[in-house]
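Engineer: Input sequences plus hints: build the corresponding full structure.
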Amino acid sequence: MKNIKLTIQYDGTNYSGWQRQKNAVTVQEKLENAIRETTGSFSATIGSSRTDAGVHAKEFVCNFFTDSKIPAPNFKMVLNGVLPEDIVVLKSERVDDSFHARFQSIGKKYIYTIITGNNRPVIGRQYVYYFRRKLDVEKIKMACKYFLGIHDFSAFKKKGGSVRSSVRTISEMEVTVEGKLIKFSVIGDGFLYNMVRIMVGTLLEVGVGRFQPEDIKYILESKDRTKAGKPVPALGLCLEKVFY
2 MKNIKLTIQY DGTNYSGWQR QKNAVTVQEK LENAIRETTG SFSATIGSSR TDAGVHAKEF
62 VCNFFTDSKI PAPNFKMVLN GVLPEDIVVL KSERVDDSFH ARFQSIGKKY IYTIITGNNR
122 PVIGRQYVYY FRRKLDVEKI KMACKYFLGI HDFSAFKKKG GSVRSSVRTI SEMEVTVEGK
182 LIKFSVIGDG FLYNMVRIMV GTLLEVGVGR FQPEDIKYIL ESKDRTKAGK PVPALGLCLE
242 KVFY
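Residue numbers 2 to 245, in my numbering, belong to the letters of the sequence shown in order.
Worth flagging that the hints you see were computed from the coordinates, not collected in a lab.
All residues carry an ideal CB built from backbone N, CA and C; glycine is no exception.
Be aware that one or more of the hints could be misleading.
Said to hold, decoys possible - Simulated restraints, written as ranges between beta carbons of each label pair:
#1 Glu86 <-> Lys160: 33 to 43 Å
#2 Gly210 <-> Val83: 44 to 54 Å
#3 Glu241 <-> Arg211: 23 to 33 Å
#4 Phe244 <-> Val83: 28 to 38 Å
#5 Pro72 <-> Val178: 37 to 47 Å
#6 Ser99 <-> Gln213: 43 to 53 Å
#7 Tyr131 <-> Lys160: 23 to 33 Å
#8 Asp98 <-> Asp190: 17 to 27 Å
#9 Phe244 <-> Gly118: 27 to 37 Å
Structural biologist: Below, the structure written as structure tokens:
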């Protein structure tokens, strides 16, 4: 048996997230079906993250064990030959048997993109969230600094789940403006369910004046989900990179 690491990219529009589910089409299901078709046997994949329905990934990492004689670098070409057009393998390589895509990750980078203006987008609309109201970007940038460091993000996670701790470390939280596009870039050692989407939704509330930048500090301290803003839609979110 050999351990194969895949770096893949996918458009999450037509999928109910990464993780295989009953009665839903997922990225993991499509990838595992492709592995079975090309190797002749089933191999369970281990994903670096559990992206939600509609979330995209630029560089998603996963691994699987196989006794196939296909050389590790060739899995890229072989799998791309049978995968749907909205999933592509960027790289395939053999790694040590101890490698685990999820547990050995030390951080992830997400980017959330919104588009402003009077006209809602048509072309490329599945990758951006249209936000019509005027935003004070400078106040949003001021608010970002309150997310940096080690915090309990209970106020910024969807209720439910079985995580042992809501404490996470955010090392980068930046906002950039590119014409009508506003991009929120965040790097952390891990993220809770809907955490990035709730963070961005709360920052938009700062941008329209409902919250002040310093309110982020008090929302974090409250650990109360009702104090933060609503999560923004999934379509604007992309997993950019997984760090090891």
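Engineer: Please go over all the hints and tell whether each is borne out by the structure.
Structural biologist: A quick look at each hint next to the structure:
The beta-carbon spacing between Glu86 and Lys160, approximately 36 Å, falls within the hinted interval of 33 to 43 Å. Separated by about 51 Å at the C-beta atoms, Gly210 and Val83 satisfy the suggested range of 44 to 54 Å. Checked against the hint of 23 to 33 Å, the pair Glu241 and Arg211 passes, with Cβ atoms roughly 28 Å apart. In this structure the hint that Phe244 and Val83 lie 28 to 38 Å apart at CB holds, the actual value being about 29 Å.
Checked against the hint of 37 to 47 Å, the pair Pro72 and Val178 passes, with Cβ atoms roughly 45 Å apart. Range check, Ser99 to Gln213: about 48 Å between beta-carbon atoms, so the 43 to 53 Å window is met. Taking 23 to 33 Å as the suggested C-beta distance range, the pair Tyr131 and Lys160 conforms, at roughly 27 Å. For the hinted restraint 17 to 27 Å between Asp98 and Asp190, the CB-CB distance of approximately 25 Å keeps it satisfied.
In this structure the hint that Phe244 and Gly118 lie 27 to 37 Å apart at CB holds, the actual value being about 34 Å.
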